[in-house]
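Undergrad: Okay, here's what each chain looks like letter by letter:
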Amino acid sequence: MLAFIIRRIVWTIPVLLLVILMTFSMMKLIKGNPFQVTERPVPESIQRNLDRKFHLDKPWWAQYLYYVRDTARLDLGPSLVQRNQDVNDVIKEHFPTSIKLGLMAMIFAIVVGIPLGVFAALKHNSVLDYTAMGIANLGFALPSFLVATLLIYFFALRLKDYTGLPTNGWEGPSSWVLPTIALGIYPMTYFARLVRGTVLETLQQDYIRTAKAKGLRWRFVVAKHVLRNSLIPAVTAAGPVLGGLITGSFIVETIFGIPGIGKYYVTAVTGRDYSVVMGITVLLSVIIIVANLVVDILYGYLDPRIRDERT
Amino acid sequence: MSEPEIATTETAPRQSPRGLDRPFMQRRAEFEEALARNASARGAEAGASLPRASLWSDAFHRFMKNRASVVAAVAFLLLLAFVIFVPWLSNEDPYAIDFSQAYQSPSWSHPFGTDGFGRDLFIRTALGGRVSFAIGFAATFAIMVVGIVYGATAGFLGGHVDNALMRFLDALYGLPYLPFAIMTLAVFGTVNFWTMVVALTIASWFTTARVMRGQIITLKQNDYVRAAYAVGAKGPRVLYRHLLMNTLGVIIVFVFLELPGVILGEAFLSFLGLGINPPKASWGTLAQDGYTAYATHPYIIVIPSICIAWLILSAFFIADGLRDALDPRTKEA
Numbered sequence: 001m002l003a004f005i006i007r008r009i010v011w012t013i014p015v016l017l018l019v020i021l022m023t024f025s026m027m028k029l030i031k032g033n034p035f036q037v038t039e040r041p042v043p044e045s046i047q048r049n050l051d052r053k054f055h056l057d058k059p060w061w062a063q064y065l066y067y068v069r070d071t072a073r074l075d076l077g078p079s080l081v082q083r084n085q086d087v088n089d090v091i092k093e094h095f096p097t098s099i100k101l102g103l104m105a106m107i108f109a110i111v112v113g114i115p116l117g118v119f120a121a122l123k124h125n126s127v128l129d130y131t132a133m134g135i136a137n138l139g140f141a142l143p144s145f146l147v148a149t150l151l152i153y154f155f156a157l158r159l160k161d162y163t164g165l166p167t168n169g170w171e172g173p174s175s176w177v178l179p180t181i182a183l184g185i186y187p188m189t190y191f192a193r194l195v196r197g198t199v200l201e202t203l204q205q206d207y208i209r210t211a212k213a214k215g216l217r218w219r220f221v222v223a224k225h226v227l228r229n230s231l232i233p234a235v236t237a238a239g240p241v242l243g244g245l246i247t248g249s250f251i252v253e254t255i256f257g258i259p260g261i262g263k264y265y266v267t268a269v270t271g272r273d274y275s276v277v278m279g280i281t282v283l284l285s286v287i288i289i290v291a292n293l294v295v296d297i298l299y300g301y302l303d304p305r306i307r308d309e310r311t
Numbered sequence: 312m313s314e315p316e317i318a319t320t321e322t323a324p325r326q327s328p329r330g331l332d333r334p335f336m337q338r339r340a341e342f343e344e345a346l347a348r349n350a351s352a353r354g355a356e357a358g359a360s361l362p363r364a365s366l367w368s369d370a371f372h373r374f375m376k377n378r379a380s381v382v383a384a385v386a387f388l389l390l391l392a393f394v395i396f397v398p399w400l401s402n403e404d405p406y407a408i409d410f411s412q413a414y415q416s417p418s419w420s421h422p423f424g425t426d427g428f429g430r431d432l433f434i435r436t437a438l439g440g441r442v443s444f445a446i447g448f449a450a451t452f453a454i455m456v457v458g459i460v461y462g463a464t465a466g467f468l469g470g471h472v473d474n475a476l477m478r479f480l481d482a483l484y485g486l487p488y489l490p491f492a493i494m495t496l497a498v499f500g501t502v503n504f505w506t507m508v509v510a511l512t513i514a515s516w517f518t519t520a521r522v523m524r525g526q527i528i529t530l531k532q533n534d535y536v537r538a539a540y541a542v543g544a545k546g547p548r549v550l551y552r553h554l555l556m557n558t559l560g561v562i563i564v565f566v567f568l569e570l571p572g573v574i575l576g577e578a579f580l581s582f583l584g585l586g587i588n589p590p591k592a593s594w595g596t597l598a599q600d601g602y603t604a605y606a607t608h609p610y611i612i613v614i615p616s617i618c619i620a621w622l623i624l625s626a627f628f629i630a631d632g633l634r635d636a637l638d639p640r641t642k643e644a
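As given, the protein sequences belong to chains A and B, one line each in that order.
For the first sequence, the positions run 1 to 311 when this note's numbering is used.
For the second sequence, the positions run 312 to 644 when this note's numbering is used.
Accuracy of the hints is not assured; some may be wrong.
Cβ pair distances, simulated, as ranges [unchecked claim]:
#, chain 1, residue 1, chain 2, residue 2, range
1, A, A223, B, G470, 46 to 56 angstroms
2, A, L17, B, A445, 33 to 43 angstroms
3, B, F479, A, K100, 33 to 43 angstroms
4, B, Y540, A, K123, 46 to 56 angstroms
5, B, G500, A, R83, 18 to 28 angstroms
6, B, P417, A, K160, 22 to 32 angstroms
7, B, K545, A, D206, 43 to 53 angstroms
8, A, L17, B, L366, 41 to 51 angstroms
9, B, P417, A, L302, 44 to 54 angstroms
10, B, A413, A, D161, 26 to 36 angstroms
11, B, Y540, A, R73, 48 to 58 angstroms
12, B, G470, A, D51, 43 to 53 angstroms
To give an idea of the chain B side of the interface with chain A (calculated C-beta under 8 angstroms), a few residues [said to hold, decoys possible]:
#, residue
13, G485
14, A578
15, I612
16, V613
Straight line, CA to CA, 35 angstroms or less: simulated DSBU-like cross-link-like pairs of lysine-lysine [unchecked claim]:
#, chain 1, residue 1, chain 2, residue 2
17, A, K212, A, K123
18, B, K591, A, K28
19, A, K212, A, K224
20, A, K224, A, K214
21, B, K376, A, K123
22, A, K214, A, K123
Calculated directly from the structure, the hints in this document are not laboratory data.
Cβ atoms here follow ideal geometry from the backbone N, Cα and C, with glycine treated the same way.
Just chain A, with the same shape it has in the complex (with noise of 0.2 angstroms):
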């Protein structure tokens, strides 16, 4: 099992240096110097010097390096267009909203979607199923920009004396519940439907069958047996999901005007400014990385059987 884990480890190496490598060369493609976009031009001698202090002058694959082993330092460089702030400032004062409005759309969904899948499954082909599913692909299909337009429609806007909720911002609790559930819902969908599909299958195996023989409470076997086996794809998936919940929140984040990564990235590829959007997707591409290293490992340490099959 440690050998598992170091080798997948070690493994992630290489693909973050592939990952920073690609990012890098997209940027190096984007026409145009970056400190030519002002519309006054820069003196020559001016350039050169910065030229220098940001290694422009030296080929690539030396620039790659030099970005390699400041991203290894968590320095990710100066902003293009904010005088006087780092990338790394940018990335202090806007993630950890972010990552907060991921969390409480992660609990949300699990919260939410779990029961649904759970209860869903136990009740199947009933009223229930039909309505929870219904739900979950109305959820799965209404794109995230109408399911925020209108919970602040209905709950912000119409029935703002009963809510009393924000349509946007980000002060206070009262003006986190529309975002986290607008979030959420994609999610929560995807838990019910995986967790209803493997609550279905488990209900069929042979040892729920023999302990309801036993003549042991329903109740029992479905706490003790069916869930404890059906979750195990739940929790893999946990991984993936919130990673994606933590950078994938572009269009919730500008909606509600929220100070996160996602609403500042859009900000800045519009303002042009790739020192911001490369540091950024590095993050990011990191985040996602990790998530499916602690999934793979995780799965490993679950079953057996995957070890040996992956690196």
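Once you've looked at the hints, dock chain B against the given chain A.
TA: Here is chain B on its own, set in the frame of chain A:
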């Protein structure tokens, strides 16, 4: 059953012991003919005809039995018909700006109402659907081509090539979807139909490639592949006829899984203001238009979003039905 009927059944395969080198369609036609002859012969005896049994007609019958998938297919075709025919039949000008007509609620002359510039939303939704569908189909096609070539190469060649290609794919899985597409668009510097297609393709071909590789590796172990090699078939021929042809079912299913994903991806980008430029519109741009006026005219964002949801759900259930229809092994009867 009488003697000659059995004979007809068995002569067809026996006549062509080395039938492997004749075109697939010809052999299939012969085979179907033999089956049909057999069926009608037996049917004449039993007083009823048996259905012909080819893969596609079989799959079609199985698909038609799945009610949800048939409804989904009809819904999908309706949406496609709406998108294709409404701009032809309507004489509304989708770009004519008339502020006296701004923000009209849905009515007989404007079934979906009008937007802030007084443009008819019924025809704009249809035209936006054309853009969304065009990008969706083009990107899905590109994803299939890239994914199939990459996955089939890895799966067919195996060994070090497979290892290297899959490691590279693993690394790509670490890239976040939207930022990756956004960066690709930034590299191009402009957003138009083709750059959008390329950006969406680059960001989403991985799964198809991975699934194709798995399919090819599984199929490679079949006896008929060994048999094909044994009768002297060369690698490319085996790859094309025996491996790729057998993945057609999976490929068709994946088309319906990728299409809504790509259209949704385009809608997200357009919604964030990083998509196709106005006055051209996709469903995402229309939704963004609607978002700016949601407080007073919420139906404007609802219409394009419903179209997207309609597409996602119908494509999903079609894919579901196709999977069961094309691969009956996955589902017990």
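Undergrad: Next step is simple, just say for each hint if it's right about the structure.
TA: Evaluation of the provided hints:
1. A:A223 <-> B:G470: 46 to 56 angstroms: Taking Cβ atoms as reference, A223 of chain A and G470 of chain B lie about 48 angstroms apart, which means the hint holds.
2. A:L17 <-> B:A445: 33 to 43 angstroms: 38 angstroms, holds
3. B:F479 <-> A:K100: 33 to 43 angstroms: Given range 33 to 43 angstroms: holds, Cβ gap about 34 angstroms.
4. B:Y540 <-> A:K123: 46 to 56 angstroms: 53 angstroms, holds
5. B:G500 <-> A:R83: 18 to 28 angstroms: 25 angstroms, holds
6. B:P417 <-> A:K160: 22 to 32 angstroms: With a Cβ separation near 25 angstroms, P417 of chain B and K160 of chain A satisfy 22 to 32 angstroms, so the hint holds.
7. B:K545 <-> A:D206: 43 to 53 angstroms: 48 angstroms, holds
8. A:L17 <-> B:L366: 41 to 51 angstroms: 46 angstroms, holds
9. B:P417 <-> A:L302: 44 to 54 angstroms: 53 angstroms, holds
10. B:A413 <-> A:D161: 26 to 36 angstroms: 29 angstroms, holds
11. B:Y540 <-> A:R73: 48 to 58 angstroms: 55 angstroms, holds
12. B:G470 <-> A:D51: 43 to 53 angstroms: Holds: the Cβ-Cβ distance is about 45 angstroms, inside 43 to 53 angstroms.
13. G485: 4 angstroms, holds
14. A578: Hint on A578 of chain B: holds, closest Cβ of chain A at ~6 angstroms, below 8 angstroms.
15. I612: Given a least distance of 5 angstroms, the restraint on I612 of chain B holds.
16. V613: 7 angstroms, holds
17. A:K212 <-> A:K123: Satisfied, since the Cα-Cα distance of roughly 17 angstroms is no more than 35 angstroms.
18. B:K591 <-> A:K28: 30 angstroms, holds
19. A:K212 <-> A:K224: Given pair K212 of chain A, K224 of chain A holds - Cα atoms ~12 angstroms apart, limit 35 angstroms.
20. A:K224 <-> A:K214: 14 angstroms, holds
21. B:K376 <-> A:K123: 25 angstroms, holds
22. A:K214 <-> A:K123: 22 angstroms, holds
Of the numbered hints listed earlier, not one is contradicted by the structure.
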